[in-house]
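I would like the entire structure built from these sequences, with the hints used as guidance.
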Amino acid sequence: MPEGPAPALVAEQFDDIIQQRDAASFGMWIFLATEILFFGGLFASYALYRSLYPAAFAAGSHLLKVAYGASYTVMLICSSLTMAMAVRSAQLGRRKPLIGFLVLTLLLGAAFVIIKLRWEWYGDYLEHLVPGVSFAPQGEALEVIRRFGAPLSHVALFMIFYFVMTGIHALHMVVGVGLLTFLIIMAYRGRFVSGDFNTVEMVGLYWHFVDIVWIFLFPLLYLIGGRY
Amino acid sequence: MSTATVEVPALPEVHYLNVNYGWRSWLFTTDHKRIAWLYLVSITFFFVVGGVAATLMRLNLIEPQGSLVEPATYNKLFTVHGLIMIFFFLAPAVPTVLGNFAIPIVIGARDVAFPKLNLLSWYLFIAGGGVFLYAVISGGVDTGWTFYTPLSTTYVNTNVLSAAMGIFISGFSSILTGLNFAVTIHKMRAPGMTWFRLPLFIWSMYAASLIFILAMPVIAITMVLIMLERIFHVGIFDPALGGDPILFQHLFWFFGHPEVYILILPSMGVISELVAAFSRRRVFGYSFVAFSSVAIAVISFLVWGHHMFVSGQSIYAGLVFSALSFAVAIPSAVKVFNWTATMYQGSVSYDAPMLYALGFIGLFTIGGLTGLFLASMAADIHLHDTYFVIAHFHYIMVGGAVMGYLGGLHYWWPKMTGRLYPETWARLSALIIFVGFNLTFGPQFILGYLGMPRRYAVYPPEFQALNVLSSAGASILAVGYVIPLIYMIWSLRYGPIAGPNPWGAKGLEWETSSPPPTHNFHETPIVTEEAYAYGARQEAHVA
Amino acid sequence: MPDHSLTGHVVPSRVYILTFVALIVLTVLTTGVAYIDLGYFNTVVALVIAVSKATCVVLFFMGLKYHKGLTRIVIIAALLWLSFLIVLTLADMHSRDWAPLPQPWQKAALSEPHR
Ligand code: HEM
Ligand SMILES: [Cu+2]
Numbered sequence: 001m002p003e004g005p006a007p008a009l010v011a012e013q014f015d016d017i018i019q020q021r022d023a024a025s026f027g028m029w030i031f032l033a034t035e036i037l038f039f040g041g042l043f044a045s046y047a048l049y050r051s052l053y054p055a056a057f058a059a060g061s062h063l064l065k066v067a068y069g070a071s072y073t074v075m076l077i078c079s080s081l082t083m084a085m086a087v088r089s090a091q092l093g094r095r096k097p098l099i100g101f102l103v104l105t106l107l108l109g110a111a112f113v114i115i116k117l118r119w120e121w122y123g124d125y126l127e128h129l130v131p132g133v134s135f136a137p138q139g140e141a142l143e144v145i146r147r148f149g150a151p152l153s154h155v156a157l158f159m160i161f162y163f164v165m166t167g168i169h170a171l172h173m174v175v176g177v178g179l180l181t182f183l184i185i186m187a188y189r190g191r192f193v194s195g196d197f198n199t200v201e202m203v204g205l206y207w208h209f210v211d212i213v214w215i216f217l218f219p220l221l222y223l224i225g226g227r228y
Numbered sequence: 001m002s003t004a005t006v007e008v009p010a011l012p013e014v015h016y017l018n019v020n021y022g023w024r025s026w027l028f029t030t031d032h033k034r035i036a037w038l039y040l041v042s043i044t045f046f047f048v049v050g051g052v053a054a055t056l057m058r059l060n061l062i063e064p065q066g067s068l069v070e071p072a073t074y075n076k077l078f079t080v081h082g083l084i085m086i087f088f089f090l091a092p093a094v095p096t097v098l099g100n101f102a103i104p105i106v107i108g109a110r111d112v113a114f115p116k117l118n119l120l121s122w123y124l125f126i127a128g129g130g131v132f133l134y135a136v137i138s139g140g141v142d143t144g145w146t147f148y149t150p151l152s153t154t155y156v157n158t159n160v161l162s163a164a165m166g167i168f169i170s171g172f173s174s175i176l177t178g179l180n181f182a183v184t185i186h187k188m189r190a191p192g193m194t195w196f197r198l199p200l201f202i203w204s205m206y207a208a209s210l211i212f213i214l215a216m217p218v219i220a221i222t223m224v225l226i227m228l229e230r231i232f233h234v235g236i237f238d239p240a241l242g243g244d245p246i247l248f249q250h251l252f253w254f255f256g257h258p259e260v261y262i263l264i265l266p267s268m269g270v271i272s273e274l275v276a277a278f279s280r281r282r283v284f285g286y287s288f289v290a291f292s293s294v295a296i297a298v299i300s301f302l303v304w305g306h307h308m309f310v311s312g313q314s315i316y317a318g319l320v321f322s323a324l325s326f327a328v329a330i331p332s333a334v335k336v337f338n339w340t341a342t343m344y345q346g347s348v349s350y351d352a353p354m355l356y357a358l359g360f361i362g363l364f365t366i367g368g369l370t371g372l373f374l375a376s377m378a379a380d381i382h383l384h385d386t387y388f389v390i391a392h393f394h395y396i397m398v399g400g401a402v403m404g405y406l407g408g409l410h411y412w413w414p415k416m417t418g419r420l421y422p423e424t425w426a427r428l429s430a431l432i433i434f435v436g437f438n439l440t441f442g443p444q445f446i447l448g449y450l451g452m453p454r455r456y457a458v459y460p461p462e463f464q465a466l467n468v469l470s471s472a473g474a475s476i477l478a479v480g481y482v483i484p485l486i487y488m489i490w491s492l493r494y495g496p497i498a499g500p501n502p503w504g505a506k507g508l509e510w511e512t513s514s515p516p517p518t519h520n521f522h523e524t525p526i527v528t529e530e531a532y533a534y535g536a537r538q539e540a541h542v543a
Numbered sequence: 001m002p003d004h005s006l007t008g009h010v011v012p013s014r015v016y017i018l019t020f021v022a023l024i025v026l027t028v029l030t031t032g033v034a035y036i037d038l039g040y041f042n043t044v045v046a047l048v049i050a051v052s053k054a055t056c057v058v059l060f061f062m063g064l065k066y067h068k069g070l071t072r073i074v075i076i077a078a079l080l081w082l083s084f085l086i087v088l089t090l091a092d093m094h095s096r097d098w099a100p101l102p103q104p105w106q107k108a109a110l111s112e113p114h115r
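Residue numbers (our numbering), protein chains in the order written: chain A, 1 to 228; chain B, 1 to 543; chain C, 1 to 115.
To be clear, the hints were calculated from the coordinates, so they are not data collected in a lab. Please read these numbers as outputs of a predicted model, since none were measured by experiment. We put the beta carbon where it would ideally sit given N, CA and C, even for glycine. Among the hints, a few may not be true.
What the hints assert, rightly or not - With a Cα cut of at most 30 Å, we get these calculated DSSO-like pairs of lysine-lysine:
| # | chain 1 | residue 1 | chain 2 | residue 2 |
| --- | --- | --- | --- | --- |
| 1 | A | 65 | A | 116 |
| 2 | C | 65 | B | 187 |
| 3 | C | 65 | A | 96 |
| 4 | C | 68 | B | 76 |
| 5 | B | 187 | B | 116 |
| 6 | C | 68 | B | 187 |
Said to hold, decoys possible - Pair ranges (Cβ atoms, derived):
| # | chain 1 | residue 1 | chain 2 | residue 2 | range |
| --- | --- | --- | --- | --- | --- |
| 7 | B | 333 | A | 117 | 52 to 60 Å |
| 8 | C | 18 | B | 139 | 54 to 62 Å |
| 9 | C | 7 | B | 482 | 24 to 32 Å |
| 10 | B | 151 | A | 126 | 34 to 42 Å |
| 11 | B | 461 | A | 136 | 36 to 44 Å |
| 12 | C | 73 | B | 137 | 43 to 51 Å |
| 13 | A | 119 | B | 21 | 33 to 41 Å |
| 14 | A | 182 | B | 21 | 28 to 36 Å |
| 15 | C | 29 | A | 167 | 24 to 32 Å |
Here's what the structure looks like:
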């Protein structure tokens, strides 16, 4: 069996590290394709209901706070930058920057999840905006819905898509944070800096993908119907 | 008998089955060949469970008023039968058993690209299957395998949640398998194994992997929506709250129709191998057959609305879906024509695998043509949800896909075990299956045409004769399935030693020993000729 | 990956920084535009900006720009398939009442003379 340049790191089914890296990267892209269709089922349903009930979706969107959505977006973009830099550091074999960038990415991701759950979702809950759990918009929220002339059950439909889509997105973030923790531990032990940066690259692809999903969720959920 | 060989071959000293022993060496294996065995055992188990449900249904239908079970139980029986057979038997059958075993060897690789992921797929399959079995044991589900809303989300009181969870989990098993195969076929081929030298089995497994990758995620998310709607009742599919139940059907059939091609494409690939090997000829129009697999994979995603002609779907959408459904029949027909053309002028030998292949070709043709009846909107208004539909898809899935699976299992059995199965018994059971199958499902075409609806425990007395015929056929079919189960287990120990190439067939898998060593080849093979290069080597096999 | 050296393709950090800046600018833009009344075009603009941002991420952060055709096909296929799902589903929904066909359960429609 022909040996690659770094024999210990090449799994036995591969001829060399190039083939191994190629296969892993291709596999990861295919995985992302499945993720596109996984989220895609949600986006398709969302598109159907939004086209049926434009007023209710606009009203529902006005129940969310743009400031949250915008700051998440910025946080994720920052984390994508640090992630890209982490991969680059691994490629160049620089251990300290690698760990630093990974930790930054992790912090940004964790902050995203914590803010979303602790403040945004909890706030929605207090305002009775969570369909199936407690949905009875009051005060200002009710006024907004009236202004758009939207039936309550259709607004609930928007809210459920908001919770499911951001919820599944957040779940992906949690997985990502877990993966980053693992990367940091391994990097601390000296992995990834001698030609075996592949794992970091794979996690990076995943992380950027989750960022992209948010890039669509932000305008589709937080910015409907004009804010003028 | 054509399988007789001149010298008595011996088993190789070390091979993948005897390198190590003990349950750990199986449950933690990453060898694709051993994982194939794990799947073989698991799906056979599920086949038996699904078969028991079917037997009870057929027994019940012997009498018009239903002779055996309560209507409510009958509903659970057909639901469990459908879900198990589709998700836990047939969809994994050819890919995970024959695909897992053969793909790496056939393309000249040491293993799949991601062996650990391969094992993970099996564990996910078992987890999904376990959750599903829990749903069955703790009360069952009665929505039909299609989970139509709002029935499944609002009205029934059965275990929709755990059943959907089981499907969700096993969906990821399929996704990972598809991913693994696609990467393996792209990146792991032996030197010289170009795309157009690949055996056609690989092409159709590749097409099936594409469908796994692109369709399974949608059913996974759809199951999530079903579960959420059932727990929280927020109206996602409830018309009373503004939801659209037909949206569910769109999501389900966007996955559902490609799924039925997941069931048939791998078997089509097996048939190409069998027809070539037992006709001693290169498959006629190789590249047409190869591309027809890919064409099927693509077009099958554009026809799903033909399941929804009478659902309230727009008739304009119906028109488009109907036209596209006719288009998907073309690549399927290409395959049938090319297989028959391959046999023409070939030196055909009628070993058991070939008998299965011949059965496949005939029955698949009937199933496919009746699909065209159903794809015509006007005819479907009459035939929808009748036994005609049942007969249509069983001709394809049982007459076609299961036959292909059994044919392939017989064909590669000597490679998997190093031993031959008893040929006479095998031919006999292939024949029994063919007869039993036609007796079971032939009458159902007529029943459906006469208007007998599917999914009922009772029926008007005038349909009894045909139903009894069908139940009688089912018992013959059952005998046909039990015989191979027995002789295959028997052959594990007592079967004659097969030797590396009992069929005198072409292909890398026949160049390594039977059973192969752990990494398949003693040295990486180099491919220098096209697939099925039978040329003038006919005398080697003809007895 | 075309670059078969041991380190893979190393992208200059300048590229990453520029991508980052573009993404931030586009985020500000999409938020700002939401406060201007463009009618239907609000949605169009929002989607165009989102697609541009996603493209930036895919091409530079994810390095698709440096990949050969195969990887691109994977992503394009997934998007194409998603568009099958969305387009055909919406096409059904919005053409359901084009034909003035009476539904069986609509007695009134059945008794009306056909148009
Ligand atoms: C030649 C191509 C095919 C065409 C044009 C076709 C057409 C159809 C149509 C129109 C229906 C809906 C009938 C109704 O519900 O009223 C149907 C049902 C079905 N077909 Fe096919 N079909 C084809 C191939 C296949 C294949 C290859 C399989 C499986 C391996 C298959 C499996 C099924 C199943 C399982 C159903 C019933 C689904 C259900 O309602 O439970 N079909 N087919
Ligand atoms: Cu179909």
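Each hint tested on the structure:
Pair hint residue 65 of chain A plus residue 116 of chain A holds up; C-alpha atoms about 12 Å apart against a cutoff of 30 Å. For a cut-off of 30 Å, the pair hint linking residue 65 of chain C to residue 187 of chain B stands: about 21 Å separates their Cα positions. With a CA separation close to 28 Å, the supplied pair residue 65 of chain C and residue 96 of chain A stays within the 30 Å bound. Of the supplied pair hints, the one linking residue 68 of chain C and residue 76 of chain B is violated, its CA atoms being roughly 50 Å apart against a limit of 30 Å.
A threshold of 30 Å between alpha carbons decides the hint, and for residue 187 of chain B with residue 116 of chain B the separation of about 17 Å falls inside it, so the pair holds. For the hint linking residue 68 of chain C to residue 187 of chain B, the alpha-carbon distance of about 14 Å falls within 30 Å, and the restraint holds. In this structure the supplied range 52 to 60 Å holds for residue 333 of chain B paired with residue 117 of chain A, their Cβ-Cβ distance being about 55 Å. For residue 18 of chain C paired with residue 139 of chain B, a C-beta distance near 59 Å keeps the hint of 54 to 62 Å intact.
Roughly 60 Å separates the CB atoms of residue 7 of chain C and residue 482 of chain B, a value that falls outside the hinted 24 to 32 Å. The supplied range of 34 to 42 Å is met by residue 151 of chain B and residue 126 of chain A, whose beta-carbon atoms lie about 36 Å from each other. Remark: the range hint 36 to 44 Å for residue 461 of chain B to residue 136 of chain A is contradicted by a beta-carbon distance near 55 Å. A C-beta distance of roughly 45 Å is found between residue 73 of chain C and residue 137 of chain B, which places it inside the suggested range of 43 to 51 Å.
Under the hint 33 to 41 Å, the C-beta atoms of residue 119 of chain A and residue 21 of chain B, about 57 Å apart, miss the expected range. In this structure, residue 182 of chain A and residue 21 of chain B meet the distance hint of 28 to 36 Å, their C-beta atoms being roughly 34 Å apart. For the pair residue 29 of chain C and residue 167 of chain A, the supplied restraint of 24 to 32 Å holds, since their beta-carbon distance comes to about 28 Å.
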